[in-house]
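2 protein chains.
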Amino acid sequence: MKIAILGGDGFVGWPTCLHLSNLGHDIHIVDNLSRRWIDTELGVQSLTPMDSIQERCRIWKEVTGRTLHFHLLNLATEYERVKQWFAEHRPDAVIHFAEQRAAPYSMKTDRHKVYTVDNNVGATHHVLAALVETGIDAHLIHLGTMGVYGYSSVGAPIPEGYLDVSIDTPAGPREQQILYPTRPGSVYHMTKSLDQILFQFYAQNDGLRITDLHQGIVWGTHTDQTRRHPQLVNRFDYDGDYGTVLNRFLIQAAIGYPLTVHGTGGQTRAFIHIQDSVRCIELALADAPKSGERVRIFNQMTETHRVRDLAQLVARLSGAKVAFLPNPRKEAEENDLIVRNDQFLALGLNPIRLEEGLLSEVVDVAKKFAHRIDRSRVPAVSAWTKEIAERVDRDPERQALRPAS
Amino acid sequence: MKIAILGGDGFVGWPTCLHLSNLGHDIHIVDNLSRRWIDTELGVQSLTPMDSIQERCRIWKEVTGRTLHFHLLNLATEYERVKQWFAEHRPDAVIHFAEQRAAPYSMKTDRHKVYTVDNNVGATHHVLAALVETGIDAHLIHLGTMGVYGYSSVGAPIPEGYLDVSIDTPAGPREQQILYPTRPGSVYHMTKSLDQILFQFYAQNDGLRITDLHQGIVWGTHTDQTRRHPQLVNRFDYDGDYGTVLNRFLIQAAIGYPLTVHGTGGQTRAFIHIQDSVRCIELALADAPKSGERVRIFNQMTETHRVRDLAQLVARLSGAKVAFLPNPRKEAEENDLIVRNDQFLALGLNPIRLEEGLLSEVVDVAKKFAHRIDRSRVPAVSAWTKEIAERVDRDPERQALRPAS
Chain A
780 MKIAILGGDG FVGWPTCLHL SNLGHDIHIV DNLSRRWIDT ELGVQSLTPM DSIQERCRIW
840 KEVTGRTLHF HLLNLATEYE RVKQWFAEHR PDAVIHFAEQ RAAPYSMKTD RHKVYTVDNN
900 VGATHHVLAA LVETGIDAHL IHLGTMGVYG YSSVGAPIPE GYLDVSIDTP AGPREQQILY
960 PTRPGSVYHM TKSLDQILFQ FYAQNDGLRI TDLHQGIVWG THTDQTRRHP QLVNRFDYDG
1020 DYGTVLNRFL IQAAIGYPLT VHGTGGQTRA FIHIQDSVRC IELALADAPK SGERVRIFNQ
1080 MTETHRVRDL AQLVARLSGA KVAFLPNPRK EAEENDLIVR NDQFLALGLN PIRLEEGLLS
1140 EVVDVAKKFA HRIDRSRVPA VSAWTKEIAE RVDRDPERQA LRPAS
Chain B
780 MKIAILGGDG FVGWPTCLHL SNLGHDIHIV DNLSRRWIDT ELGVQSLTPM DSIQERCRIW
840 KEVTGRTLHF HLLNLATEYE RVKQWFAEHR PDAVIHFAEQ RAAPYSMKTD RHKVYTVDNN
900 VGATHHVLAA LVETGIDAHL IHLGTMGVYG YSSVGAPIPE GYLDVSIDTP AGPREQQILY
960 PTRPGSVYHM TKSLDQILFQ FYAQNDGLRI TDLHQGIVWG THTDQTRRHP QLVNRFDYDG
1020 DYGTVLNRFL IQAAIGYPLT VHGTGGQTRA FIHIQDSVRC IELALADAPK SGERVRIFNQ
1080 MTETHRVRDL AQLVARLSGA KVAFLPNPRK EAEENDLIVR NDQFLALGLN PIRLEEGLLS
1140 EVVDVAKKFA HRIDRSRVPA VSAWTKEIAE RVDRDPERQA LRPAS
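Going down the list, the protein sequences come from chains A and B. Here my numbering = 1-based position in the first sequence + 779. Here my numbering = 1-based position in the second sequence + 779.
Hints were generated in silico from the structure; no laboratory data involved. Glycine is no exception: its CB is placed at the ideal position from the N, C-alpha and C atoms. Honestly, I wouldn't trust all of these hints.
Computed spacing ranges between beta-carbons, pair by pair [to be verified]:
#1 A:GLN1178 - B:ASP1066: 41 to 49 Å
#2 A:GLU1072 - B:ARG953: 28 to 36 Å
#3 A:GLN956 - B:GLU867: 46 to 54 Å
#4 B:GLU867 - A:ALA1179: 40 to 48 Å
#5 A:LYS1146 - B:THR888: 28 to 36 Å
#6 B:THR856 - A:ALA1179: 50 to 58 Å
#7 B:PRO952 - A:VAL1101: 33 to 41 Å
#8 B:THR1043 - A:ASP1088: 56 to 64 Å
#9 A:ALA1149 - B:PRO952: 45 to 53 Å
Now the stretches of chain B that chain A is said to cover, found in silico as 3 or more residues with beta-carbon under 8 Å [as the list claims (entries may be wrong)]:
#10 810-824
#11 906-915
#12 970-976
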């Protein structure tokens, strides 16, 4: 199958490219390398030493004999080139990772809010419009997030995409199925909620075949394919903007920094290992909707945990201390989260358990590359509002952790 | 009150400026004049002879002694200038009309789809981000559309913005109030559905005070203020893209063209007179939500009609014939529509009835300016998909109506 992987140079994109190339698919990476530019902007780098995309593709060819095609293209700003690219390459499937994916980055300043909306809505809409215009009947798989729903569930399991509601009419109650209502908690999450509306429209009006994967927080670094050569290693972010909660705990443990829990740590989140993430994409690819069908939505996660429980787990494995800091985000202090993922389990997903995989992350990644860690980049500094920023800044515990400048 | 009217040169924007200026408010029109540029692109013009915005402002000053300030600014593409404008002018209220507002135009080609999304999402998000960044606590009133809900109601009245749903949980059913689910039927309507998500987020995260007016199809031309001088006249669109259904029937009647009903004409739509529209905005302005409140949503319409019934009504007033043509849109052939508008009625709206006001439109506008009508621009040509475009194009009745080229 000829597969376009949009954002194929990123954290989940790259291992997806290798996974699907290894299965024999013809892989075309389309990426504007914005994530590398953001590293430069923030003055951070992947913990794991990461080569250029061209070099990574060369190594993969050397190791496996398989070709990864790389195309430098800005999906969000170059619509005419996007359309031309699709007309020329006519992929059978399109996997769309090409969005700015960090909630804290999206809340940094007004410029970052504007960039995130322009980039994410632009990329998604341009791909949709180009598919319709070129008449390409490709299966579009999009990486969404569990976070579109916000985290104030009513205590019912979050279903996969749709909700049955009963509406009172003069003729009695009528059942209707609606998109599960979203309540995004950051500009980043909001863009994924906007994407849903775009998908609903283009599936309905133009019969586009779309699968939207509502992913949990991805943890872990290696997949079977990234392990095949040191230069195929995946990126690992630990900074306050792009490092997700578990990766940041691992790094903090490795350098003897306290594990920084925001607020009470009562936030419950959904998680999935990177190896399961690429496997889910493989499963979704094999299960394409038909034209005219509604958007297929999967919850792509395998377990849920409270943040403070994760901190305790990593503390137990590593001997690190836990520090409670004020929360720079505007969110519920404590929430429950029950998520259905029956669809992927039915398709054969056999999840990697966090308890089992965590130790190898500590040893193989965090400790191995600990000498590359810049301690000053570990704190999360993006606050959701200016008032929160000031409150967080005044906190004595936070000030004690600040590196001398 | 100092009021910024974004898109104040447009069809509803302009009479709103005059109405609120007449009430003594300090009006600042912010507009990039894109609607005039689109006239040029399409080779159409307002039926009513329309002066430049600068000249209109000068006449208003002459007639009333009141000043309308005009600022040429592209809200969708010049974020930094938008922020600067707000910082400098610090309005008490912002009324936001600055979106591409024609469904057929938004479906014309892929370029028009991309333009509509970029322009509408860009303008709305830039205004929201700028209000947060500058810390201005202005009441933001946005013109949305009834069309976000699609037109396949389950037979229940469309409530004002929110829906009570009951969700089954292990602990029994739990009541929750959600944004009334949207199902937009064109790219234009889709952008208004995206706006809703933007508003929900910024009201929740930043306490912005927002009112979203879900407007029906506006009919009529004159308001008390536009009548005060011939050069204050409002624009009147009759072309296949920007002319709304009732205005197009009036024009067709005036030039002896058949009243073109698409499909069975069983589509039921909501309507409101332009004078009531500006009055509703005045009422919404006086009823601002508090910071921290959810977005206040009004259905801004006064009556509903089936398209074929409207055609019969105009035919009866004018002696015109009715022609049934294939529908270029993808939509339900027949639908019911029951809409709640209790909130505006409670605030004192006293609606102008279509049956009463229609004749003056035929005489004062359509017949008066009939000599300016370009018959070739009357047919609706934008189709929702390429397949529909071909089917519409082959229709013999449609071909018979086509002007010799």
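Here is what the structure says about each hint:
1. A:GLN1178 - B:ASP1066: 41 to 49 Å: With Cβ atoms ~45 Å apart, the hint holds.
2. A:GLU1072 - B:ARG953: 28 to 36 Å: The hinted range 28 to 36 Å holds for GLU1072 (chain A) and ARG953 (chain B), with Cβ atoms some 30 Å apart.
3. A:GLN956 - B:GLU867: 46 to 54 Å: holds (49 Å)
4. B:GLU867 - A:ALA1179: 40 to 48 Å: holds (41 Å)
5. A:LYS1146 - B:THR888: 28 to 36 Å: violated (56 Å)
6. B:THR856 - A:ALA1179: 50 to 58 Å: violated (45 Å)
7. B:PRO952 - A:VAL1101: 33 to 41 Å: holds (39 Å)
8. B:THR1043 - A:ASP1088: 56 to 64 Å: holds (60 Å)
9. A:ALA1149 - B:PRO952: 45 to 53 Å: At 51 Å between Cβs, range holds.
10. 810-824: violated (count 0)
11. 906-915: holds (count 5)
12. 970-976: n = 3 at 8 Å, threshold three: holds.
Going through the hint list in order, the structure does not satisfy hints 5, 6 and 10.
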